[in-house]
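Q: Listed below, chain by chain, are the residues.
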Amino acid sequence: MKIVIVDYEMGNIKSITSALKYLGVKEIVVSNKLLEIQSADKLILPGVGSFAKAMKNIKKLNLDKILKDVVILNKKPILGICLGMQLMSNYSEEGFSNGLGFINANVTKFNILDLKIPHVGFNQVLFNKNNTLYEGLNNLSDFYFTHSYQMQSSQDIGQAICEYGNKFIVSYELNNIVGVQFHPELSQTNGLKLLENFIKNF
Amino acid sequence: MLRKRIIFTLVYADDFFTQSRNFRLQKVGNINWLEKNYKFQGIAFSLDELIVLNASKEKKDISGFANTLSRLVDDVFIPVAAGGGIRSIEDAKVLFDNGADKIVLNSVLHTDINLVQELIFKYGSQSIVASVDYKKVEDNLNVYIHNGTKKLDVELYDYVKYIENLNVGEIYLNSIDQDGTGFGYDLETVNKISTTSNIPIIIAGGAGNEKHLLSGLKIDSISAVATANLFNFIGDGLPNARKIILEKGLNIARWIK
Numbered sequence: 000m001k002i003v004i005v006d007y008e009m010g011n012i013k014s015i016t017s018a019l020k021y022l023g024v025k026e027i028v029v030s031n032k033l034l035e036i037q038s039a040d041k042l043i044l045p046g047v048g049s050f051a052k053a054m055k056n057i058k059k060l061n062l063d064k065i066l067k068d069v070v071i072l073n074k075k076p077i078l079g080i081c082l083g084m085q086l087m088s089n090y091s092e093e094g095f096s097n098g099l100g101f102i103n104a105n106v107t108k109f110n111i112l113d114l115k116i117p118h119v120g121f122n123q124v125l126f127n128k129n130n131t132l133y134e135g136l137n138n139l140s141d142f143y144f145t146h147s148y149q150m151q152s153s154q155d156i157g158q159a160i161c162e163y164g165n166k167f168i169v170s171y172e173l174n175n176i177v178g179v180q181f182h183p184e185l186s187q188t189n190g191l192k193l194l195e196n197f198i199k200n201f
Numbered sequence: 000m001l002r003k004r005i006i007f008t009l010v011y012a013d014d015f016f017t018q019s020r021n022f023r024l025q026k027v028g029n030i031n032w033l034e035k036n037y038k039f040q041g042i043a044f045s046l047d048e049l050i051v052l053n054a055s056k057e058k059k060d061i062s063g064f065a066n067t068l069s070r071l072v073d074d075v076f077i078p079v080a081a082g083g084g085i086r087s088i089e090d091a092k093v094l095f096d097n098g099a100d101k102i103v104l105n106s107v108l109h110t111d112i113n114l115v116q117e118l119i120f121k122y123g124s125q126s127i128v129a130s131v132d133y134k135k136v137e138d139n140l141n142v143y144i145h146n147g148t149k150k151l152d153v154e155l156y157d158y159v160k161y162i163e164n165l166n167v168g169e170i171y172l173n174s175i176d177q178d179g180t181g182f183g184y185d186l187e188t189v190n191k192i193s194t195t196s197n198i199p200i201i202i203a204g205g206a207g208n209e210k211h212l213l214s215g216l217k218i219d220s221i222s223a224v225a226t227a228n229l230f231n232f233i234g235d236g237l238p239n240a241r242k243i244i245l246e247k248g249l250n251i252a253r254w255i256k
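In the order they appear, the protein sequences are chains A and B. Heads up: the first sequence begins at 0 in numbering that gives the first Met the number 0, then just goes up one per residue. Heads up: the second sequence begins at 0 in numbering that gives the first Met the number 0, then just goes up one per residue.
Same shape as in the complex, but just chain B (with noise of 0.2 Å):
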């Protein structure tokens, strides 16, 4: 039987690691205190699959985010996506070669689609992971590229359509208004993407604790839940939610020891 993935996503923006809440950044750490509070070598036993996300604001410095992500992943053996800030096959490259198994796109879906299709040509669909922003305005759900910064006008459903017809293998679908708050995920909006969409779904923002994360293993049609809650998990708090997750008998991959 297919499994649900849980994944930990990790947001760095010029040499730290941050806590997004509703998009603003807090600094918390750089890879050493990373390494100090997560070791990753261990962790990663908890999780199925590791995002990392470069939302630095100003330039996008490839190369030194790539160096961080290269020793993060050292001895890690799960499933490892990383993007923000790719404007090019060379960006895409540079990941690819320093332990990225896919890239992460965002702005690139709406202003270069050649991009994606290259992409896509060079590395397969498989290989791509399409992030959405998303905000509730009143009614309308609407959709932000460029780190939150700029709204598209474009309603939420209409957008994942066109990203599904661009092929994509994965869809990462992050409430803005839920984005760090621990509250939980939104559920409501996620329940009615995901049943209409026809590749895997992962949603985002909001997961403070263990609880929340089963909130969303237990929808049928969602592939896999994620967390970038670097203060809620601290320590041994990835591997004992695994543990409360499995106890529940919930549809999660076992490895053996």
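For reference, chain A alone in the conformation it holds in the complex (with noise of 0.2 Å):
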């Protein structure tokens, strides 16, 4: 199993790197390059930080064409993860930026009075019996959130929802394509039993 996890220059990618050794994935390689992408089992697209910038520095690694030759149309597995999760919808208003446009969604920010912003910690997560990302957990399981804007779309991606102030998506699964909006390699065993559902269903 050769899991990529693609670099575009931003965020801290060691939990992700240790939680995928922890679960005995024999080869993991952080880059931005098209081959090793090419030759990966599975992706993850992780990330911090803010949607505008994250969608410069993946334009000028070309990886905006890197990942739709390889996900779109080679259908390779990808896992989006918090900000890579939100990359691979339309559009965010954090920056009005468009996205990778892999999903139908939109990101919105949370916009209700009195509410403290980011969302941060952990919070129950209700997805339905279809959702394999989350085969062998318990509904209302809880994972680790930390971010200032959502995910909403009107289309059925698969999604499991969360609510905080008012209901929004935070994972979808849609074929080969799968976003959280969490961190499951901060969620205890929660996250990691997550991670292996990505690499054992998908």
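Keep in mind that the hints are not guaranteed to be accurate.
[Stated by the list, open to error] Cβ-Cβ distance ranges computed for the label pairs, FRET-style:
id	chain 1	residue 1	chain 2	residue 2	range
1	A	Glu-134	B	Lys-26	45 to 51 Å
2	B	Lys-38	A	Lys-59	41 to 47 Å
3	A	Lys-58	B	Leu-165	38 to 44 Å
4	B	Asn-21	A	Leu-34	55 to 61 Å
5	A	Glu-92	B	Lys-38	42 to 48 Å
In case anyone wonders, no lab produced these hints; they're calculated from the structure. Virtual Cβ for every residue (Gly too), placed ideally from N, Cα, C.
Got two chains here, separate frames each, mind docking them using the hints?
A: Here it is in structure tokens:
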């Protein structure tokens, strides 16, 4: 099993790398090079920081084209985490930027009076039994979040939801394209189980 | 439902983990001592988050601190915030590269706003925890920087508002008077601050047992409670505290076995 963590020069990947190691993944490579990405069994798109800056880096590194080739044409499984999950959507209000457009969804600011922002801490995720990402986990399991923008979509993208001020999308799974708003690598056994499910089921 | 968090804070100074009392540090043991007495890979299942602070008084040796941090967080799958003595983007990067998921800023919030803005731009607001140390003097709540040695000419409420406007992710509010006493939190002050604040507040200073943690967790407007008491939670202290808090039905996270 070779997993490539797509490096667009933002965010820290130590926790993800060590979680994958813990799960026994043999080869973990951090790269933005075409050949490495093509040779991966699965991809992880990590990220913290601002959406617009991330898209700028992605374009600078030609990763928008590379990812479109391997994810949309070649159907390689990809897991976006936190900002990485948002980046695969159409558009974000954060910096008013277009995303990669793999998933029919938009990212908006939390907009409720007196709600403490960012949404930070463990929160309960509501999924349905078709969501293979959560296999073996109880509904309303806790995952660790830290973000100020949220995903919304009117489409069926295999979403799971969570509530903070309002309901929003915290994960999607559409064939080979998977994203989670929370950080599985920081969510104790619940998160490790979810990463294991991604590796096994996608 | 968004859960409340229980955070363990480790205070590091010159190769040792320390017990702080009113910001006076007592050396307790090095990383080997800590691994023997706390076994973090196991203990982490009683915690929602870990904060590691570098309080070295002389030269703040970031690389030594980062090495210890890196060893500490191996196979620990909860968020880790680290800080103390961050004076540049490079300092922050070293901590992120060695296992920090967030960084903790204190003195630079006052002395170097440009750096704070750069760090927020690079890593995002949610990666920045603003640490605020305060002390009660008569009726005033004074703010201190540089490990509690320099008093600022600003009142705590105004300082917290100022920090919120910097657009940081969370505030770590630490009472120097209560620090390390085991007498419980300064609930009067944290109550006032947290109800008017629009970002998450972590309270610290004074928690010596699970009753103190409970007293903080019961306050709606508080997001997290922290304890840095190395002595009171040694061995099974943290797992037992979490068990009791769960049994009382408090709103904290649960994980599969």
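Q: Okay, Lys-38/B versus Lys-59/A on CB: inside 41 to 47 Å?
A: holds, 44 Å
Q: Has the hinted range 42 to 48 Å been met by the Cβ atoms of Glu-92/A and Lys-38/B?
A: holds, 44 Å
Q: Between Glu-134/A and Lys-26/B, does the C-beta distance stay in 45 to 51 Å?
A: holds, 48 Å
Q: Just tell me: holds or violated, for the beta carbon distance of Asn-21/B and Leu-34/A against 55 to 61 Å?
A: holds, 58 Å
Q: Is 38 to 44 Å a correct range for the gap between the Cβ atoms of Lys-58/A and Leu-165/B?
A: violated, 29 Å
Of the hints listed earlier, the one the structure fails to meet is number 3.
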